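S.K.: Make the full structure from the sequences, and use the hints.
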Amino acid sequence: MEHNTKIIAVTGKGGVGKTSLSAAIVRLLVEQYPDKRILAIDADPAIGLATALGVEVDETLDDIRKRVASDVTEKLRDTQDILAEAKFRLIDAMKEKNGFGFIAIGRPEAAGCYCAVNTYLREVISMLAGDFDYVVIDGEAGIEQINRRVMEKVTHLLLISDQSKKGTGVLEVIMKVADELVMYDKVGAVINRATRPDLAPEKVAGAEVLAVIGPDDNQTQNDILGDSVFALPEDSALLLGAKTVITKMGL
Amino acid sequence: MELFDGIIRETTENTAALISKTWDFDAADTWECSERSELIMQRDQAFELGGSGTSSANFTCVTTTQDLVLKDEVVLCGRDLPELSGDVSFARIVFLGVKDIGDEDAAHAAIQQMEFVRYHVHPKGYMVRVSAESNQERVRVSKDALSRGLSFRQIGNTYIKAYKENENVLAVRIIFLTDQDIIKELNSKANSVFDITNALSHILDGIDLDCEHCDLKAVCDEVEGMREMHLGKKGKK
Chain W
1 MEHNTKIIAV
11 TGKGGVGKTS
21 LSAAIVRLLV
31 EQYPDKRILA
41 IDADPAIGLA
51 TALGVEVDET
61 LDDIRKRVAS
71 DVTEKLRDTQ
81 DILAEAKFRL
91 IDAMKEKNGF
101 GFIAIGRPEA
111 AGCYCAVNTY
121 LREVISMLAG
131 DFDYVVIDGE
141 AGIEQINRRV
151 MEKVTHLLLI
161 SDQSKKGTGV
171 LEVIMKVADE
181 LVMYDKVGAV
191 INRATRPDLA
201 PEKVAGAEVL
211 AVIGPDDNQT
221 QNDILGDSVF
231 ALPEDSALLL
241 GAKTVITKMG
251 L
Chain D
1001 MELFDGIIRE
1011 TTENTAALIS
1021 KTWDFDAADT
1031 WECSERSELI
1041 MQRDQAFELG
1051 GSGTSSANFT
1061 CVTTTQDLVL
1071 KDEVVLCGRD
1081 LPELSGDVSF
1091 ARIVFLGVKD
1101 IGDEDAAHAA
1111 IQQMEFVRYH
1121 VHPKGYMVRV
1131 SAESNQERVR
1141 VSKDALSRGL
1151 SFRQIGNTYI
1161 KAYKENENVL
1171 AVRIIFLTDQ
1181 DIIKELNSKA
1191 NSVFDITNAL
1201 SHILDGIDLD
1211 CEHCDLKAVC
1221 DEVEGMREMH
1231 LGKKGKK
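These protein sequence lines map, in sequence, to chains W and D. Sequential numbering of the first sequence, starting at 1, is according to my numbering. Sequential numbering of the second sequence, starting at 1001, is according to my numbering.
Source of the hints: derived by calculation from the structure; they are not laboratory data. Since this is a predicted model, take the numbers as computed values, not measurements. Ideal Cβ positions, reconstructed from N, Cα and C, are used throughout, including at glycine. Treat each hint with caution, since some may be false.
[As the list claims (entries may be wrong)] Anything over 10 Å on all C-beta distances counts as not near chain D; from chain W, calculated:
id: 1; residue: Asp71
id: 2; residue: Leu128
id: 3; residue: Leu251
[Said to hold, decoys possible] One side of the interface only, derived from the structure: several residues of chain W facing chain D at Cβ under 10 Å:
id: 4; residue: Val68
id: 5; residue: Leu76
id: 6; residue: Ile91
id: 7; residue: Asp92
id: 8; residue: Met94
id: 9; residue: Glu96
[To be verified] Rough simulated footprint, nothing fancy, chain W against chain D, three-plus residues with beta-carbon under 8 Å:
id: 10; stretch: 1070-1080
id: 11; stretch: 1151-1163
M.R.: As structure tokens, this is what we get:
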């Protein structure tokens, strides 16, 4: 990384509010640091972060990978050509809105081996991330795919769960994988949609619980209407919780 | 190396009437560069050359025919950077006058190295993106660089200086075109440049030396010198 880019990976079981929290963190970072460069990466194949941030996606990283791979034997024969092509397409695919950049990873193709192109793309994303001050990654359940498909190092790992034993159990598994595969500097947890905050633990999977966020009617309404996180009132539980996370993680 | 001479002559003729400015190379008037490509976000850019769906083109031709590239020169067809206010079509064409490099393999390797210069020039506030697949070059120009007086003169000088680091390069003519109808045509011409380089690679790789069954026969028939080179290679085999 060129300068001290803070890379925040948000992970946890499906349906616990990872995407909403990621979007809230992006909004708060944009508002707190209007001069900083902020990149949001949607690593969930469902591309929910785009909706949460009000971004329209034309092309995903996997679309680029497929396109570049199809031409590797034609005009793109040299590593330098492939790297340049990947970057050319990546910048086109990167959306900019409200002061932040946005890239969607998309759904990986089942057939075909794109190992070489994957490597180039990961390199290009790492280079690109180095141009930003903050990178927020909304991951699908599990984080090994971040390591495989996006970047090898994150600085801040944020574990999200609801209050269910199943949810916190998933975090235990994720932490094992993270400790083996992903380099990170800081880790913290958030209990989201907590209906019994009094029963929230102080630690989950060995990580400090930074915030306990209760049910948020504003966020529920946003989800129903398909509005972005920028439509949420400042005092919504989600934004207040995200603010606590940002403070406690030193972002 | 005369394989690209036809394209150089044709492009020179077709752009002659469009020239708005020319500058002799001045090594002292270059623009500060970064070690690696920087990202200019849209919020920080003044405009993008070749952006917003406008055409763009980029190719490099090498020649040993010295009268085709007489001196180091920056040529502009169209408006200069300080005169632009929005995204426009854009092309950057480079003609390199080179020494007689020797055998075909060395020449081919040298051509590739000269082509790769486009990936290694990173003027500050001038973010270049190159697509070999679509023969395009797009450039985001930052508001900050414009306010500091950036023009094609400095960008051209910076590129020429980079090309001249290669000891085989004798003279460089770099042509920038902005907002010109001919740019679409130049993009097609970039395909012809690729076809020639590709055919050369095939010949040097020793692939398909039976001309009658080679997919690239049309290129060899068209380009002066290609068939001779091919036959020379066959003779050495």
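S.K.: Leu128 (chain W) clear of chain D by more than 10 Å, beta carbon to beta carbon?
M.R.: With a cut-off of 10 Å, Leu128 (chain W) comes too close to chain D, as the shortest Cβ separation is near 6 Å.
S.K.: Counting residues of the stretch 1070-1080 of chain D whose CB is closer than 8 Å to a CB in chain W, do you get three or more?
M.R.: violated (count 0)
S.K.: Against chain D, does Asp71 (chain W) hold up as non-interface, every C-beta pair farther apart than 10 Å?
M.R.: violated, 5 Å
S.K.: Quick check on Leu76 (chain W) please, does its C-beta sit within 10 Å of some C-beta on chain D?
M.R.: holds, 6 Å
S.K.: Using the nearest Cβ pair, does Ile91 (chain W) come within less than 10 Å of chain D?
M.R.: holds, 6 Å
S.K.: Does the nearest C-beta of chain D fall within a distance shorter than 10 Å of the C-beta of Glu96 (chain W)?
M.R.: holds, 5 Å
S.K.: Minimum Cβ distance from Val68 (chain W) to chain D below 10 Å?
M.R.: holds, 8 Å
S.K.: Closer than 10 Å between Cβ atoms is the bar; does Met94 (chain W) clear it against chain D? Give me holds or violated.
M.R.: This hint holds: Met94 (chain W) lies near chain D, its Cβ roughly 9 Å from the closest one there, short of 10 Å.
S.K.: Min Cβ distance, Asp92 (chain W) to chain D: is it shorter than 10 Å?
M.R.: This interface hint holds because 8 Å falls under the 10 Å limit.
S.K.: Quick check for students: does the CB of Leu251 (chain W) sit more than 10 Å from each CB in chain D?
M.R.: holds, 20 Å
S.K.: Can you confirm whether chain W covers the stretch 1151-1163 of chain D, using C-beta to C-beta distances below 8 Å and requiring at least three such residues?
M.R.: Not satisfied, violated; 0 residues make the cut.
Comparing the model with each earlier hint shows violations of hints 1, 2, 10 and 11; every other hint is respected.
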